[in-house]
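**Q** Next come the chains, spelled out residue by residue.
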Amino acid sequence: MSATGIGASVRRKEDLRFLTGRGNYTDDINRPGQTHAYILRSPHAHAKIERLDISSAQAAPGVIAIFTGKDMAADALGGLPCGWQIHSRDGSPMKEPAHPPLVIDRVRHVGDQIAVVIAETLGQAKDAAELIEVDYAPLPAIAHPGKALASAAPQVWDEAPGNLCYDWVIGDEAEVDAAIKGAHHVTRIELTNNRLIPNAMEPRAAVGEYDRSTGDYTLYTTSQNPHVIRLLMGAFVLHIPEHRLRVVAPDVGGGFGSKIYHYAEEAIVTWASAKVNRPIKWTAERSESFITDAHGRDHVTTAHLAMDKDGKFLAFKVETIANMGAYLSTFAPCVPTYLYATLLAGVYTTPKVFANVKAVFTHTVPVDAYRGAGRPEATYLIERIVSQAAREMGLDQAELRRRNFIKREQFPYQTPVALVYDSGDPGGCMEKALKLADYSGFEARRKEAAARGKYRGIGFSTYVEACGIAPSAVVGSLGARAGLYECGQVRVHPTGSVTVFTGTHSHGQGHETTFAQLVSDKLGIPIENVDVVHGDTAKVPFGMGTYGSRSLAVGGVAIDRAMDKVIAKAKKIAAHLLEAAEADIVFENGEFSVAGTDRKKAFGEISLAAYVPHNYPITELEPGLEETAFFDPLNFSYPGGAHLCEVEIDPDTGVTQVINFTAVDDFGRVINPMIVEGQVHGGVAQGIGQALLEACVYDEEGQLITGSFMDYTMPRADNLVSFTLDTHNVPAPDNPLGVKGCGEVGAIGSPPAVINAVIDALSPLGITDISMPATPPKVWQAIRSARPPLAAE
Amino acid sequence: MTISVSMTVNGKTVSGDVEGRTLLVQFLREQLHLTGTHVGCDTSQCGACVVHVDGQSVKSCTILAAQANGTEVVTIEGLADGATLHPMQEAFREHHGLQCGFCTPGMLATGYDIVRRLPDADEARIRRELSGNICRCTGYHNIVKAIKAGAEKMSAA
Chain Y
33 MSATGIGASV
43 RRKEDLRFLT
53 GRGNYTDDIN
63 RPGQTHAYIL
73 RSPHAHAKIE
83 RLDISSAQAA
93 PGVIAIFTGK
103 DMAADALGGL
113 PCGWQIHSRD
123 GSPMKEPAHP
133 PLVIDRVRHV
143 GDQIAVVIAE
153 TLGQAKDAAE
163 LIEVDYAPLP
173 AIAHPGKALA
183 SAAPQVWDEA
193 PGNLCYDWVI
203 GDEAEVDAAI
213 KGAHHVTRIE
223 LTNNRLIPNA
233 MEPRAAVGEY
243 DRSTGDYTLY
253 TTSQNPHVIR
263 LLMGAFVLHI
273 PEHRLRVVAP
283 DVGGGFGSKI
293 YHYAEEAIVT
303 WASAKVNRPI
313 KWTAERSESF
323 ITDAHGRDHV
333 TTAHLAMDKD
343 GKFLAFKVET
353 IANMGAYLST
363 FAPCVPTYLY
373 ATLLAGVYTT
383 PKVFANVKAV
393 FTHTVPVDAY
403 RGAGRPEATY
413 LIERIVSQAA
423 REMGLDQAEL
433 RRRNFIKREQ
443 FPYQTPVALV
453 YDSGDPGGCM
463 EKALKLADYS
473 GFEARRKEAA
483 ARGKYRGIGF
493 STYVEACGIA
503 PSAVVGSLGA
513 RAGLYECGQV
523 RVHPTGSVTV
533 FTGTHSHGQG
543 HETTFAQLVS
553 DKLGIPIENV
563 DVVHGDTAKV
573 PFGMGTYGSR
583 SLAVGGVAID
593 RAMDKVIAKA
603 KKIAAHLLEA
613 AEADIVFENG
623 EFSVAGTDRK
633 KAFGEISLAA
643 YVPHNYPITE
653 LEPGLEETAF
663 FDPLNFSYPG
673 GAHLCEVEID
683 PDTGVTQVIN
693 FTAVDDFGRV
703 INPMIVEGQV
713 HGGVAQGIGQ
723 ALLEACVYDE
733 EGQLITGSFM
743 DYTMPRADNL
753 VSFTLDTHNV
763 PAPDNPLGVK
773 GCGEVGAIGS
783 PPAVINAVID
793 ALSPLGITDI
803 SMPATPPKVW
813 QAIRSARPPL
823 AAE
Chain P
2 MTISVSMTVN
12 GKTVSGDVEG
22 RTLLVQFLRE
32 QLHLTGTHVG
42 CDTSQCGACV
52 VHVDGQSVKS
62 CTILAAQANG
72 TEVVTIEGLA
82 DGATLHPMQE
92 AFREHHGLQC
102 GFCTPGMLAT
112 GYDIVRRLPD
122 ADEARIRREL
132 SGNICRCTGY
142 HNIVKAIKAG
152 AEKMSAA
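Chains Y and P, in that order, give the protein sequences. Quick note on my numbering: the first sequence kicks off at 33 and runs consecutively. Quick note on my numbering: the second sequence kicks off at 2 and runs consecutively.
Simulated from the structure, these hints should not be mistaken for lab results. Glycine is no exception: its CB is placed at the ideal position from the N, C-alpha and C atoms. Watch out, some of these pointers could steer you wrong.
Reference excerpt, derived from the structure (chain Y facing chain P, CB under 8 Å, subset only) [as the list claims (entries may be wrong)]: (1) F50; (2) D283; (3) H539; (4) F619; (5) H713.
In isolation and in its complexed conformation, chain Y is listed as follows (with noise of 0.2 Å):
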């Protein structure tokens, strides 16, 4: 292994313009005779407007326009679309209701666009919208997901009765219902997984340009995946076509799947730039981004588990409700289903699985992909399950685990619920964290910790995820209405030197230094002579962004392909240079040589002649040396693991502090891995904040409670510790680069083992339920009302 190759842990090549300031985040760009825009969101979880009156508005200080629902009507726009569909069990499609990116007469969420303005500076603009007069009705709202279906609910969509966007299946019903007829035992569990709020540190932001003397759109954008948004906007929304449009995601401070979607402040500024032919810039306030970006997860379940005298798992059903918001956001419709209901079997061998997902409309933010999308759904379910399985048959974790766990040599596995996991040893990684971290050593510190009065716990994960999205065949057939294929272009310049374009986006990811470890190590050259480039569509061919942890397992392989191509031509150059057949030209080192001799020409030689042809095969091979390769899995990448989540509670408080973490993966193969376990470390933070600390709370009429960072809890450094990590990797068959996604496993492993953490440290007081997020004054009433009244009471 190079230093700068494959598997080692090469300091990221981005960090010097993250350190010293010079980044070049979207609210960091000023354009010549830019103007700014505020826009005038709904107070409203449900109303209709009445009147809406914009001119003492219109005549404020500074004021340049102000448009409306009706302007944008007027131009016949389009809503902003929804990338899957999906079909009911009658085989009827969901409901899609229309979402204009500013409303016309009624507003269906709090944070809800009704007008923009835009001004000389952000200041009048905002000043100017308080003039802005609006008359609304205020309609009764429906908040809860468990709550929409009721015959009583408001309604959100007069063509989506009953609130319904979809009414899903997969699986043998009947089967099911009779395998838990018979089982010896049948464990059965409600929970929720908790809303979220994807809170990346940059706010969301967008300017839009237009140049009339080409008719040039350009849109900068904080966006994980430009060359879709171009696509959506381009022709869906606006109506303009690709070679007008550029889209540009420069640095990107933090996405976690809330910067996928296409919202419509990209459009409203894409579109008034032309209006009034100037550059606007929007950029997001946080409370902004609390009501208007795409939250995450917000399920209701119930399930049921069958076992056999042994503990061994018979069948399983779910049943689950899941909020989709007010409006279906890009990818909405598929988290619950495909990215959720296929991951039911878990690591386990399970060999009867069925799932009901009812999606409801409510009249909250839209919600869609967060941090593991469906998976960490899935995987809180089963593992709570599991874990409370155990406890009623009075198993231990593992032993239960170990019965059940499907065998690293029944690879590859066909589970029940459409999914064929190419590889993974979910026994090998729990067995290497229970080493980690010391599981026969528990009980002691149980003890240790009771006689200081805390009590101790220890939670169990064992998964497996679906990610690399995406393979276009599969998808397709599940719904999709794009493949999700990566572009990778290698352009090699005439001294040697590459520029990569990717269409995957780092937003955090660094894939300036992954990309180029690839690259350093296949073509043999310096790291320092790779640059990566990605986040405009005017310089990449095409891309489908970074989301799903597919940038490396999708977008590195289209890189590796399109490097393939320049070494096959570069092997041509070479057997002519070297006068030698080209079945004799072997590529070593970075160095073409002829098989057998002392004959080689440098990589940088091969280039130059490629672009300084006067010694060429001119007759049978085109000069230059860049070539371009897309990519499209044949499967997911299904990475695993094992968490184990220590606990200590304090009774008298009811604080949960999280002793140890540790964590053992499977990704394959590493290309760095210093980024990998940042990636863990980050994943598992977001877990841990999801399992302790954050919930997005909306009141009975619609109102969010947790607007800000005062009322949202963050996890911040101190709730958290050092965590412990290993990896115990199997390479994955069906990648080409044996890689697994890494990015989302932390959020989508570690909220079940630290709930089953907190309810193994709760046990002895009969405690078998707590909701996420487990805190304080949830424990302290839980421990309250569980424990014997004291003496005094």
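Position chain P relative to chain Y; hints supplied.
**A** Frame of chain Y, contents of chain P only:
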């Protein structure tokens, strides 16, 4: 009504006309084009905007530009010594203490401030001292490591 302000920013005297409501961070970003200082929230919680004002770490979204009149301000752009990174910047790079980079300017300013005040702070203390800075990417694991390492480098320097 505008107010004239003048201050030293990264060693250079600067001045400008601001509104009464203009925050220091707005003055830095919008008038001086020092966009390394970031705005991550509107409730003074996230710490992405931390700069040093007269040697104290300050959330530049919590003070008005007018209040900073006559002070000496150091932003992320002024932390390195020319092409030589500050030991804390080096430590963040070495220990992968940043991912998306958005919270990084505030983390560096706070990390530097922690070490200056508490050169021997242990992990628990560093974590407590960091509670005014939010990072969504790193889980703080490598930030804490970097600040510890930065402390050693700074004391050795």
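**Q** Each hint should be assessed against the structure and marked as holding or not.
**A** Hint-by-hint comparison with the structure:
The interface hint given for F50(Y) holds, since its Cβ lies 3 Å from the closest Cβ of chain P, which is under the 8 Å cut-off. Look at D283(Y): its Cβ gets to within about 7 Å of chain P, closer than 8 Å, so that hint holds up. Nearest Cβ of chain P to the Cβ of H539(Y): about 5 Å, under the 8 Å cut. The hint holds. For F619(Y), the interface hint is violated, the least distance from its beta-carbon to any beta-carbon of chain P being 32 Å, above 8 Å.
Hint on H713(Y) holds. Least Cβ distance to chain P is approximately 4 Å, under the 8 Å limit.
Taken one by one, the earlier hints fail for this structure only at number 4.
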